[in-house]
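Peer 1: Below are the chains, spelled out letter by letter.
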Amino acid sequence: MGNKQTIFTDEQLDAYQDCTFFTRKEILRLHSRYHELAPHLVPMDYTNEPDCKLPLALIVDMPELKENPFRNRIVESFSEDGMGNLSFNEFVDMFSVLSEMAPRELKAIYAFKIYDYNVDNYLCKEDLEKTLNKLTKEELTPEEVELVCEKAIEEADLDGDSKLSYADFENMITRAPDFLSTFHIRI
Amino acid sequence: MSSASELVVGSSRSLLAAKRHRTVRKNSRRIYSAYRDHQQGSSDEEGGDDKEVDSNDPEEMFQNIQYQKEIIANIRSRPWPMRRKLKVLKQAREIVLKYEGQLTRTRGYQTAGADLLKKLYRVLYNIVVTFIPWEVRIKKIESHFGSGVASYFIFLRWLFGINIVLTIMTGSFVVLPELLAGAPFGTTRSKTIPKEHLASAQDLDTIWSLGGYLQYSVLFYGYYGSVRKIGSAGYRLPLAYFLVGMAVFAYSFIILLRKMAKNSRLSLVSASDENFTFCWRVFCAWDYLIGNPEAAECKGAAIVNNIREAIVEEQEKKKDTSLAVLISLRILANILVLLSLAGSIYIIYFVVDRSQKLEQEKPELTLWEKNEVSVVVSLITMIAPSAFELVAQLEMYHPRTSLRFQLARVLVLYLGNLYSLIIALLDKVNSMSSTPHESSSNWTNTSSTISSLSAQVPRISVSEHRNSTMATISTAINFVHNRSSLVIAYNQTIPFEKNARSQQDQCWETYVGQEMLKLSIIDMIFTVASILLIDFIRGLVVRYLSDCCCWDLESKFPEYGEFKIAENVLHLIYNQGMIWMGAFFSPCLPAFNVLKLIGLMYLRSWAVLTCNVPHQQVFRASRSNNFYLAMLLFMLFLCMLPTIFAIVRYRPSEHCGPFSGQEKIYDIISDTVASDFPLWFSKVMSYVTSPVVVLPAVLLLFMLIYYLQAIARSLKFTNNQLRIQLQTERTEDKKKVFQMAAARLQTPEASADKNPDQQESDIPSHEASIHTSSSQQNGSVTNVQSPINHSDSIRTITQSASGADLNEGHVSESVRRPAVIVLPKHQVEPLPNRPRHFIGGQSGSCRSKSCHHMAYNPPSGLSNAIHTDPLYRKTIRSLHPVEAAGIIAAQNYGGRRGPTTRYVIVNEHRPRRKLLCSATRIPRHYLMEEPTEILELYPRNIKHYTPRTNPQHPPRSHTSQQLRKEEEETGKDRKRTSLGKSLRPCSLPDHHQQAHFYIGERLDSFRESQRARNEIQKDDEEEAGKEGVDWGDFNLPSPSQASIKEKVCFHTQRHPVHSPRRQHQSPTRSRHMGSQLKPKLRGQLETHLTESDSASIASSSDQQNSSTDQYIQVIHSKERHLGSDVRQEKVSKKKTKANFDINYTESNDLICSNV
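Line by line, the protein sequences give chains C and R. Under this note's numbering, the first residue of the first sequence carries the number 1, and numbering increases by one thereafter. Under this note's numbering, the first residue of the second sequence carries the number 1, and numbering increases by one thereafter.
Since the hints were made in silico from the structure, they are not lab data. Glycine residues also receive a C-beta, built at the ideal position from the N, C-alpha and C atoms. Warning: the hint list may mix true and false statements.
Stated by the list, open to error - Here are the simulated distance ranges between beta carbons:
1) C/P39 - R/P133: 42 to 48 Å
2) R/P293 - C/P39: 34 to 40 Å
3) C/E150 - R/I423: 37 to 43 Å
What the hints assert, rightly or not - Which chain R residues stay away from chain C? Per the calculated CB distances, all over 10 Å, these:
4) R76
5) A285
6) A296
7) G300
What the hints assert, rightly or not - Derived pair list, reagent style DSS-like, types lysine-lysine, alpha-carbon separation capped at 25 Å:
8) R/K139 - C/K66
9) C/K66 - C/K25
10) C/K151 - C/K66
11) C/K163 - C/K66
12) R/K716 - C/K134
13) R/K664 - R/K191
14) C/K125 - C/K137
15) C/K125 - C/K151
16) C/K134 - C/K151
17) R/K69 - R/K90
18) R/K262 - C/K25
19) C/K130 - C/K163
20) C/K151 - C/K163
21) C/K163 - C/K137
22) R/K716 - R/K139
23) C/K134 - R/K139
24) C/K151 - C/K130
25) C/K25 - C/K125
26) R/K736 - C/K125
27) R/K118 - C/K25
28) R/K716 - C/K66
29) R/K139 - C/K137
30) C/K137 - R/K716
31) C/K151 - C/K137
32) R/K736 - C/K163
33) C/K151 - R/K736
34) R/K736 - R/K716
35) R/K259 - R/K716
36) R/K229 - R/K139
37) R/K357 - R/K518
38) R/K259 - R/K139
39) R/K564 - R/K140
40) R/K736 - R/K262
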């Protein structure tokens, strides 16, 4: 408890708990994880909300993200500058969204962001191709990728603009049986 | 950083947004809208929510607090960046605290409690999960080989569970009591190894053939004592034995059926969501939990597999080859399979027969000869499936179908094997159980000491049967010979020896149990051997010798072994079938099977992970799980049959087993009922089992089955209905999205004027779409009905019209329409036409009717396109004149009324027509909504109407070219109608279509000569005013002229048509689209394509009930435009007559769809 006081004030912790799906302990653990990433950069005392950001390269190296084919996109889509530099707030946010408790809708929003490589608010074919190639480590032949992308867009595209808007995506993802269980990082 | 300022700036907006949020209760909605807000202007909104509270009035204070609380509760699920969330939260908290300091604390307790509960659940769940065996192993396999291979292991695990239960049942109720309370080994005859066998009882040879000590153990039926009650508690072992034997089957049935029901429920749930296979495989494939490189690799491989699977499935849909070749190949394949099945059955028979002969002839059997039967059976079960697979390649079925076929064939094979084996066994049982029947009667009398007298009789009988008995006993033969020599040694009398031998060996239940257990053991050995040899050694060879071989071992010939799910699953089923078959005779068989399954689990999973490659075409086995289960059920039933048959048919062995001395095994029940239950119970039982009760019960059962089946059928029906409804619902969803998209598209493209209109139109269209599923049906119904109404109304109106002054009738009509100006004009014109007037009146009334109709059925198709109605007007208007013309043709009136269908046709278009005709109506519509914009939006309409209503004045006032054109067009239409009249006065549809066609050709009219135009204008006036009322008379003299003109026009002006107009010409289906296009086109000819596309899509979708069509339209709308153009051109090239015909057919189509 004493340790906690030095990192966050009670108010801060309460706020974090309200804003995330984490418990107080988990938030403290998140902080320690965050601190571990760059001990010299991240202060232990967060009571005065220091402005400190960690670059993408450091965060992506976490074991939780290391194997994820979309790790860069995850970090980027949670960073406010879009470059992947995460402050602690954003760091907590990221794992909150990816936590078990986050509702499907919230996850869907961020999933959409993650898969939207070119940040145009649409999942176009290039996005899909990138997603697929990352997913399969480019094991599929270009023809297969092409086919899958076409089929996927065909399936989910409701308005016929041959790209997936968020509405399309949401419609599709909310019907997916295992989206909730897979879009989830335990930390 | 700059958020503070942003916050202030955005406060007001966010307030609005917040309110909007509040109205939307649903969480998801809120999130979605939040997301939009976020996208559009997240920075503006930041923190705005809090400010609002301060600025609010005291009355709203409470609401605000509630709202703030809601924010606090839901803030974690908002897609905002944390910084913003924190800020919003802080402010919301402050506000809440300010007014309701207490509340947060109690809420804190609540949430703490909830959290605790949740955690408890999670912990419990984790504990439960850890007790599921091999979960990790299966997960690993799953991630490596996909769900198909894993399904095998899951199935195995499930069977393992069943066998554990069976083991517990038999163990606790039969084996344990016998061991604890039963007579110990060696005390009774059935529990003693005969002396002559004692020497060899521990030989490996004997043990291997399950003789010796094993034979006289709890493993087999013969060991169990027949004492009614054992132990101090009086445990009824024989009864328990029988009941447990039955319970094994009962339990298996119940558990199987339950599992199947559950599976089918699951598959039903997932079946409806099949639509997004690829999307899900792309977007939901990755398991974000994976943090281990190996697992990640596995998952990657699994995903690739999965996607490939989907691709293959997709490609399979498209594949097709020549039918004849395929059929002949399949026939050939089936013949081959049948041959091999027959061959395998013959081999088994042959082997059993040979073993019998061998037993007869040879004193000593070799190991091979003793195990011949089981080895051959196991070999067949191993080899035949591969042969079937080869054969299946001939057939070129869809992989999934071929899998099914393969499974079915292998199942038949296994069943054939088991059955031929069991029949051979039962053959022997038959002889065995009949032999002691005669001898045993003596035996019981003489007890264990045998008098030579009594022995004589049995000797004869035994000797008679000796051949058959001896022949069949493969295992016992050893004994026999050993013993016989011994017995002869010290008991000289052959008869006694024979009797003693037969008495002890004739325990056919034990024999069957032995055979089954032996089969099971040998099957296990073969499985292990095949795994080691075929998979492991092959894997090793391929792996390590591929370098020093001239071809690529890994990809060419031997390759790595594939894990064949189907065969392996079937093998499990087969194995389980053996267990069920033998469980009654060998109570420890389930326990043995448990061990076997555990071993198999480890060995298989090891083999799969080390030396197998994933099957190239892995299919989701979870779906076919029920297929496996169905086969298992089938197997259970078929395996139960021989057991039941043996129980019912044969007399239990006389000197061994719990039922010794009874006539039939099931007598134990009646005996127990008779002796151990009170008298009344046995009486009741006798009543219950008498035909008086049984027959009605059977009848009742049949009735019940029939009733349930009927219910199931009706449920299926409703199910289908619901599914259809769901589909339409989904299409509605799509429609909505289209509309949204359309609105979005239009807003940027359309001029400022159009925007409001669009929005307005969206609103009704939304409503319409919401109700469409029902409304469509309703609409169709009303359509059907409306014709009748129509006719009635027409009649009445006509009467009134005829009776009263025509002018009055018109007046009334015109009164309805705001534009009263028309009246004088009409008055002028109708006068000459009086005699015909009533016809005109009819048409007018029809029109009015149609108005009503419209009002009734907005959803029937027009509602969505309300804003576009002006477009329709033209087409409809043209129709109208046609109708009028038809009426003028006069005789038609009666005829027309008769066939309702025609009316339907009319009605369909009438709404539109009505819109067109009654200028007031549409304008009114729009006036109410956006009065100022009517002119701009529907310049055409207004012009139209103006000319119509005030034929002379308005044209002058608006003498723009467009106006003239319009007039011309209208005139054209009219002419057309007249032409149509002249051509085919009677057939309404034709007219209607003609009109349509002409509308399309309006362009031509454009270029008509001036004088023609004048006439047209006149026509227009008339049309506008009464639309047809005066028309017939007025125009009647001129139709021929008009038609001539028109034709000329056609020829001359076909070419210059531009696309928008052409679309009008395009057949009825696209009419709506075209019509919608028109107004916009007026304003902006070229730019509207996209807009019109979307809009037209919406409208067209409404028009056409079938969702698929709609979808197609959506996708190809642009193409269709092109297509329509082309079509139009064609049409224009043809002569008018031909056109009529074409249109006619099309109109028919339309009717069909709508009605």
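Peer 1: All hints are to be evaluated individually against the structure, with a verdict given for each.
Peer 2: A quick look at each hint next to the structure:
1. Taken as a hint, the range 42 to 48 Å holds for the pair C/P39 and R/P133, whose Cβ atoms sit roughly 43 Å apart.
2. Between R/P293 and C/P39 the beta carbons are some 25 Å apart, a value that contradicts the proposed interval 34 to 40 Å.
3. Checked against the hint of 37 to 43 Å, the C-beta distance between C/E150 and R/I423 comes to roughly 57 Å, which is inconsistent with it.
4. The beta carbon of R/R76 is not kept farther than 10 Å from every beta carbon of chain C, the shortest such distance being approximately 5 Å.
5. Once the 10 Å rule is applied to beta carbons, R/A285 is inconsistent with being away from chain C; the minimum gap is 6 Å.
6. Non-interface status of R/A296 relative to chain C is broken: a Cβ of that chain comes within 10 Å, the nearest being about 4 Å off.
7. Against the 10 Å criterion, R/G300 falls within the reach of chain C, whose nearest CB is about 5 Å from its own CB.
8. Taken as a hint, the R/K139 and C/K66 pair is honoured in the structure, with Cα atoms around 21 Å apart against an allowance of 25 Å.
9. For the suggested pair C/K66 and C/K25, the alpha carbons sit about 24 Å apart, so the restraint of at most 25 Å is met.
10. Proximity of C/K151 to C/K66 is assessed by CA-CA distance (about 30 Å); at most 25 Å being required, the pair is judged violated.
11. Between the alpha carbons of C/K163 and C/K66 the distance comes to roughly 29 Å, so the proposed pair goes past 25 Å and is violated.
12. Of the supplied pair hints, the one linking R/K716 and C/K134 is violated, its CA atoms being roughly 44 Å apart against a limit of 25 Å.
13. Pair hint R/K664 plus R/K191 holds up; C-alpha atoms about 22 Å apart against a cutoff of 25 Å.
14. Annotation: proposed proximity of C/K125 to C/K137 holds, straight-line Cα distance about 17 Å (limit 25 Å).
15. Of the supplied pair hints, the one linking C/K125 and C/K151 holds, its CA atoms being roughly 11 Å apart against a limit of 25 Å.
16. A threshold of 25 Å between alpha carbons decides the hint, and for C/K134 with C/K151 the separation of about 18 Å falls inside it, so the pair holds.
17. For a cut-off of 25 Å, the pair hint linking R/K69 to R/K90 stands: about 12 Å separates their Cα positions.
18. Proximity of R/K262 to C/K25 is assessed by CA-CA distance (about 40 Å); at most 25 Å being required, the pair is judged violated.
19. Distance hint between C/K130 and C/K163 is fulfilled; the C-alpha atoms sit about 14 Å from each other, no more than 25 Å.
20. For the hint pairing C/K151 with C/K163, the CA-to-CA distance comes to about 12 Å; that is within 25 Å, so the pair holds.
21. Of the pairs offered as hints, the one joining C/K163 and C/K137 holds, with about 23 Å between alpha carbons and a cut-off of 25 Å not exceeded.
22. A distance of roughly 36 Å separates the Cα atoms of R/K716 and R/K139; the hinted pair therefore is violated under the 25 Å criterion.
23. Straight-line distance between C-alpha atoms of C/K134 and R/K139 comes to about 22 Å, which keeps the hinted pair within the 25 Å bound.
24. At most 25 Å may separate the alpha-carbon atoms for a hinted pair to count; C/K151 and C/K130 meet this at roughly 15 Å.
25. Our distance criterion of 25 Å between C-alpha atoms is broken by C/K25 and C/K125, whose separation comes to about 42 Å.
26. Between R/K736 and C/K125 the alpha-carbon distance is near 24 Å, which keeps this suggested pair within the 25 Å criterion.
27. Between R/K118 and C/K25, the direct Cα distance comes to roughly 16 Å. Compliance with the 25 Å bound is thereby established for this hinted pair.
28. For a cut-off of 25 Å, the pair hint linking R/K716 to C/K66 is broken: about 50 Å separates their Cα positions.
29. A hinted pair counts as satisfied when its Cα atoms are at most 25 Å apart, and R/K139 with C/K137 qualifies at roughly 21 Å.
30. Between the alpha carbons of C/K137 and R/K716 the distance comes to roughly 45 Å, so the proposed pair goes past 25 Å and is violated.
31. Taken as a hint, the C/K151 and C/K137 pair is honoured in the structure, with Cα atoms around 20 Å apart against an allowance of 25 Å.
32. The suggested pairing of R/K736 with C/K163 holds, with an alpha-carbon distance near 17 Å, which does not exceed 25 Å.
33. Annotation: proposed proximity of C/K151 to R/K736 holds, straight-line Cα distance about 22 Å (limit 25 Å).
34. A threshold of 25 Å between alpha carbons decides the hint, and for R/K736 with R/K716 the separation of about 30 Å lies outside it, so the pair is violated.
35. Between R/K259 and R/K716 the alpha-carbon distance is near 21 Å, which keeps this suggested pair within the 25 Å criterion.
36. Distance restraint check for R/K229 and R/K139: the Cα-Cα separation of roughly 49 Å exceeds the 25 Å cut-off, and the hinted pair is therefore not satisfied.
37. Proposed proximity of R/K357 and R/K518 is supported: the alpha carbons are some 20 Å apart, at most 25 Å.
38. Among the hinted pairs, R/K259 with R/K139 is consistent with the structure: their alpha-carbon atoms are about 21 Å apart, no more than 25 Å.
39. As the CA atoms of R/K564 and R/K140 are separated by approximately 18 Å, the hinted pair is consistent with the 25 Å bound.
40. With a C-alpha separation of about 36 Å, the suggested pairing of R/K736 with R/K262 is violated against the 25 Å cut-off.
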